[in-house]
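Those sequence lines, one after another, are chains A and B.
Heads up: the first sequence begins at 1 in our numbering, then just goes up one per residue.
Heads up: the second sequence begins at 1 in our numbering, then just goes up one per residue.
FYI, nobody ran anything at the bench for these hints, they're computed from the structure.
Wrong hints could be hidden among the right ones.
[Claimed, not checked] A few chain A residues facing chain B, derived, Cβ under 10 Å:
1. A106
2. G108
3. I109
4. M170
5. G176
6. R179
7. N230
8. W265
[Stated by the list, open to error] Below, simulated DMTMM-like cross-link-like pairs (lysine to aspartate or glutamate); rule was C-alpha separation at most 20 Å, straight line:
9. B:K122 to B:D92
10. A:K269 to B:D106
11. B:K84 to B:D44
12. B:K112 to A:E107
13. B:K112 to B:E132
14. B:K112 to A:D163
15. B:K112 to B:E73
16. B:K131 to B:E203
17. A:K117 to A:E107
[Unchecked claim] Output of the computed footprint for chain B on chain A, the stretches with three or more beta carbons under 8 Å from beta carbons of chain B:
18. 56 to 62
19. 157 to 168
Treat the numbers as computed from the prediction; the structure is a model and nothing was measured.
We put the beta carbon where it would ideally sit given N, CA and C, even for glycine.
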Amino acid sequence: MTTTDQALETSAEQPRLWGRHAGVVVPPFLVFVAAIGLWELIVEAFDIQRFLLPRPSEIASLFVEDFGRLIQQGRNTLGVAGRGLLLGGGIGIGLAAITFRTRWMAEGIGIYAAVLKAVPVISLAPLTVVWFGIEAGSKIATVSIATAPILFTYTLVGLRSADANAQELMRSYAAGHFRTFWNLHVPYALPFFFSGLKIAVTIAMIVAIISEYFGGSFENLGGYIRNEANNVHTVEVWTAIVMACLLGISQYMIVAGIDRYVLRWHPSKRGG
Amino acid sequence: MTTPDTSREAAASGAQTAIAFQGVRKEFGNGANATLAIESVDLDIAEREFVSLIGPSGCGKSTLLRLAADLIEPSGGSVLVNSKTPRQARLDRDYGFIFQAPTLFDWRTVWKNVALPLEIMKISGMSREKKEEEIERLLSMVGLDGFESHHPYQLSGGMQQRVSLARALVFRPSILLMDEPFGALDEITRDRMNLELHRIWEETNTTILFVTHSIPEAVLLSGRVVVMTARPGRVQEIIPIDLPYPRTTEVEESTRYYELVTQVRESLGTAMAGGL
Numbered sequence: 001m002t003t004t005d006q007a008l009e010t011s012a013e014q015p016r017l018w019g020r021h022a023g024v025v026v027p028p029f030l031v032f033v034a035a036i037g038l039w040e041l042i043v044e045a046f047d048i049q050r051f052l053l054p055r056p057s058e059i060a061s062l063f064v065e066d067f068g069r070l071i072q073q074g075r076n077t078l079g080v081a082g083r084g085l086l087l088g089g090g091i092g093i094g095l096a097a098i099t100f101r102t103r104w105m106a107e108g109i110g111i112y113a114a115v116l117k118a119v120p121v122i123s124l125a126p127l128t129v130v131w132f133g134i135e136a137g138s139k140i141a142t143v144s145i146a147t148a149p150i151l152f153t154y155t156l157v158g159l160r161s162a163d164a165n166a167q168e169l170m171r172s173y174a175a176g177h178f179r180t181f182w183n184l185h186v187p188y189a190l191p192f193f194f195s196g197l198k199i200a201v202t203i204a205m206i207v208a209i210i211s212e213y214f215g216g217s218f219e220n221l222g223g224y225i226r227n228e229a230n231n232v233h234t235v236e237v238w239t240a241i242v243m244a245c246l247l248g249i250s251q252y253m254i255v256a257g258i259d260r261y262v263l264r265w266h267p268s269k270r271g272g
Numbered sequence: 001m002t003t004p005d006t007s008r009e010a011a012a013s014g015a016q017t018a019i020a021f022q023g024v025r026k027e028f029g030n031g032a033n034a035t036l037a038i039e040s041v042d043l044d045i046a047e048r049e050f051v052s053l054i055g056p057s058g059c060g061k062s063t064l065l066r067l068a069a070d071l072i073e074p075s076g077g078s079v080l081v082n083s084k085t086p087r088q089a090r091l092d093r094d095y096g097f098i099f100q101a102p103t104l105f106d107w108r109t110v111w112k113n114v115a116l117p118l119e120i121m122k123i124s125g126m127s128r129e130k131k132e133e134e135i136e137r138l139l140s141m142v143g144l145d146g147f148e149s150h151h152p153y154q155l156s157g158g159m160q161q162r163v164s165l166a167r168a169l170v171f172r173p174s175i176l177l178m179d180e181p182f183g184a185l186d187e188i189t190r191d192r193m194n195l196e197l198h199r200i201w202e203e204t205n206t207t208i209l210f211v212t213h214s215i216p217e218a219v220l221l222s223g224r225v226v227v228m229t230a231r232p233g234r235v236q237e238i239i240p241i242d243l244p245y246p247r248t249t250e251v252e253e254s255t256r257y258y259e260l261v262t263q264v265r266e267s268l269g270t271a272m273a274g275g276l
């Protein structure tokens, strides 16, 4: 089996490997180019006003021009999203780790996690402003409230998925609770944790930007969008949206990459 | 011709008791939904003995094994393992348990799977080099040289079960509790594993309590075969297997072997009829 795995990596197989990736990369790229081209043509043909829908080329050139500022604003937004995710994730994972062995506790918290996931958390944003002030604190809090239940639920399911025989095996070794948790439950939880994390990073970014719409500094993507939109600077708004998209996609890809590396033993990642 | 190993027989009859079941009863569930899995089981297994439990499915063979392992507790009677409570025996790491599924940790290499019990138990007086030597020795004993850095998914079912065997032997438990360990393997692999297990048993000083539903397997491996009745499980008959050691392919082809297989089969037939 390994010999075939190794064979895939040898130079003889390189063209096929590239070919397989090309098949995944090229079609979406062509669609992207076509869509942008069509957009440009439509704006041109129907003479659409720039404050309604600017041309992609115009957005692109302003994006390049403002790149320094956009990246700084993006960094501030990412900081809020990241700190909120860290706090929310810490709470969610911690609660899952504490309660997963005790059914009634996990269930008791699980109900509220489910409710929180169903509630549009962003509607709490004005309240968090009242509690934590108009600046970063309230935004971090909102991101935490949005991400904690996601990571709680996924981690809990993962911790509970540990094979029954494997648990008995650890018991037969008279392994302590911490040992069993670390050597058995954590590896079982990881695939679920990463699935949750991939959702949570995206949600964190969305909630951070929308929280920034509710006031506070302009030196972040949400604040900038709010300000420029009020002045009908549509092109500026678009550049911030592009930056938000790029940051969102890259952090998702970073998490997916770590996931694939850490879980290379897992059936879903081994590939063929 | 080989003659029966007399010292082994002596060990089986006279020596210390490794596992003792006395009037053991086990009920699952409670109230109206309770099912009686086993009832008044008396069975003594001597040190270094190889005993198989065989019986219709649901007769409580695995239940007995799990009682000895302190994975469950009896509803009545007593179980002693090395003259201790099963719980104490478990805490003292007196036994190794082998499941029907290899139960390997997918994220660990073969080597690290075998090393797991040593990591957990922190056995004193065993240096790092000594541990590594031991792992290496066991992997070669189960025929897995060169597979140390493979992951379980890269191995066949038979190889995975051999890793699980090496993992159970690495901390040198005096007792092996095996719950249909080769039940999921194909006939050819199973045959080979049986002979290997028997060789390993002869090389080490372990007591083996072996649950199976294969009659030929039970006869080939055991010093005694315990036939159990259908639910609630009781001991129907204990059949001593007077085949010569070492148990090899020739033994498997002897007339006595076939006689014993027939004897176990007939006893099992009675046991099942009794249950119906």
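Taking the hints in turn, this is what the structure says about them:
no.	hint	verdict
1	A106	23 Å, violated
2	G108	25 Å, violated
3	I109	28 Å, violated
4	M170	8 Å, holds
5	G176	8 Å, holds
6	R179	6 Å, holds
7	N230	52 Å, violated
8	W265	4 Å, holds
9	B:K122 to B:D92	12 Å, holds
10	A:K269 to B:D106	12 Å, holds
11	B:K84 to B:D44	14 Å, holds
12	B:K112 to A:E107	35 Å, violated
13	B:K112 to B:E132	10 Å, holds
14	B:K112 to A:D163	18 Å, holds
15	B:K112 to B:E73	31 Å, violated
16	B:K131 to B:E203	19 Å, holds
17	A:K117 to A:E107	15 Å, holds
18	56 to 62	violated (count 0)
19	157 to 168	holds (count 4)
In the structure shown, a violation is registered for the earlier hints numbered 1, 2, 3, 7, 12, 15 and 18, in ascending order.
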